[in-house]
Amino acid sequence: MHELMIIGAGPAGLAAAVYAARKRLKALLVSGDIGGQVNQTLGIENYLGYQFIEGAELIAKFESQVSQFPIDQKIGTRISRLGEITDGFEAISETGDGFQARVVLFATGKRPKKLGVSGEAEFAGKGVSYCAICDGPVFAGQRVAIVGGGNSAVGAALDMVRIAEHVDLVSLTPLTADIILIEKLVEASNVSVYAQYQTEKIYGNAFVSGIVIKGLVTGEEKRLDASGVFIEIGLAPNSEPVKDLIELNKWGEVPVSCANETTMPGLYAAGDVTDVPEKQIIVAAGEGAKAVLQAHRYLQQLAK
Amino acid sequence: MAAKVVVYSTPTCPYCKRAKDYLTRKGIAYQEFNVAEDREKAREMIEKSGQMGVPVIVVDNDLVVGFDQAKLDKLLLK
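The listed protein sequences derive, respectively, from chains S and V.
If you're matching positions, the first sequence starts at 52 in our numbering and goes up one per residue.
If you're matching positions, the second sequence starts at 48 in our numbering and goes up one per residue.
Isolated chain S, as found in the complex (with noise of 0.2 Å):
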C-alpha cells in the first residue's frame, strides 16, 4: 500500500509530488492527464520565473522535473469514486482497477462546463469545441457562434473575429468580462452580440450547421448559422469522485482548511477543486505543497 495517492496531475497534483518525494514518501500519482487545466492555456505571464511561457511548456518542465523522482505514476487512469478502507483509502478508476493508500491528496482541478442543450453532446467535437484556442483556428473562413459572456468568451471571440468569416456571441446574461475586452470586441466588424439570449439547440447533420437562440426579454427566436459553437461559460469541479465522503459547497468545490485537510482525517485536496479563493497555476502549486506537507504531519503521527 502507497502511503499517499495524489489524484490529479495538475500543477498542484505536480508539485506536490515533487513535496512527496523530498519527503522520501512512498507516493502514487494518478490522473486522466498530466497539465490539467493548464493544456488549454496558450501563454502565461503570472507563474514567477518567466515572464513568458506557453502552457505546453510550462506543463513540460513540471513533468520532468517530477520524473527525477521515484514516484510512481499512472497516468491516463480517471479515478471515479474514491472510498473508506481500513487503514485507508481506494481509488477506483473508471475501468475498474482499485489503488489503496493511507493518505489522499485530491487535486483533480475543473473541467469547462457544459451547457446542457440538445445537440451538445451529439456534436461534441463535431463542430462542439471547449477549447477556442485549440479548435479555434480550424474553423478560420467559417461561421462560429461562442457561447458566453465572461472573459473567456469575450477573449474567444477576440480571437476568432481575425479568422472567422462571422462570429455571434451569445451570452444568457449582459456580458460579464472586462470592459477594455468588450471595448475591442465591438470595434470589429464582423461579430454580432446576442446578450441575454438562452441557447436553446444546437442542431446540424454530421456535423453542426448552426444553433437555435431566444430572446429572454424579446422572448423571440433565432436561428444562427454556424460550423463551430464553442462553449465558454466557466468552470466546474472535478470532485464527483469524493461527493459521498464529503460535504461540497454549493458550487461543488471540496471545502478545505487553511493547512488542505477536508472533514475527514488522512483526505487533504488542493487546488482548483477546493474551495480556495483563487483559481490560479502559481496558488495550485503552492496548495499542492503545502497540503503534502500537512499530510506528511499526519502520516508521522500515525506512525507513532
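It should be emphasised that the hints constitute simulated quantities derived from the structure, not laboratory data.
Take the hints with a grain of salt, since some may be wrong.
[Claimed, not checked] The calculated lysine-lysine pairs, modelled on PhoX-like cross-linking and capped at a C-alpha distance of 20 Å, are:
#1 K67/V <-> K51/V
#2 K112/S <-> K67/V
#3 K67/V <-> K88/V
#4 K118/V <-> K125/S
#5 K125/V <-> K88/V
#6 K252/S <-> K165/S
#7 K121/V <-> K125/S
#8 K341/S <-> K74/S
#9 K73/V <-> K112/S
#10 K125/V <-> K73/V
#11 K73/V <-> K121/V
#12 K294/S <-> K164/S
The structure displayed is predicted, hence computed values, not measured ones.
Here the structure of chain S is known, so what remains is to put chain V in place on it, guided by the hints.
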C-alpha cells in the same frame, strides 16, 4: 520499419505542442500539417477522423484524436 506519423495541428493548440514534443522526445519523425492555414488538409483531417478537434495523429493507418499518450504509445509499439 519505423511507423509513418502525421500530425494535424493548429499553431495555438497546447495539446498539439505537447503531442509534438512527446514525439520528438521519443525520437519519432513526423510530418505536420497546419490545418489553420491549409484548408485542404483541414478537410482531409475532418474526413479521416470524423470530427473537427485537434490534434489528430495518424500512425500508419491508425488514428488518435487528441493527445492520448496511452493510445499513442500502443500504436507506436506495434
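Hints the structure fails to honour: 5
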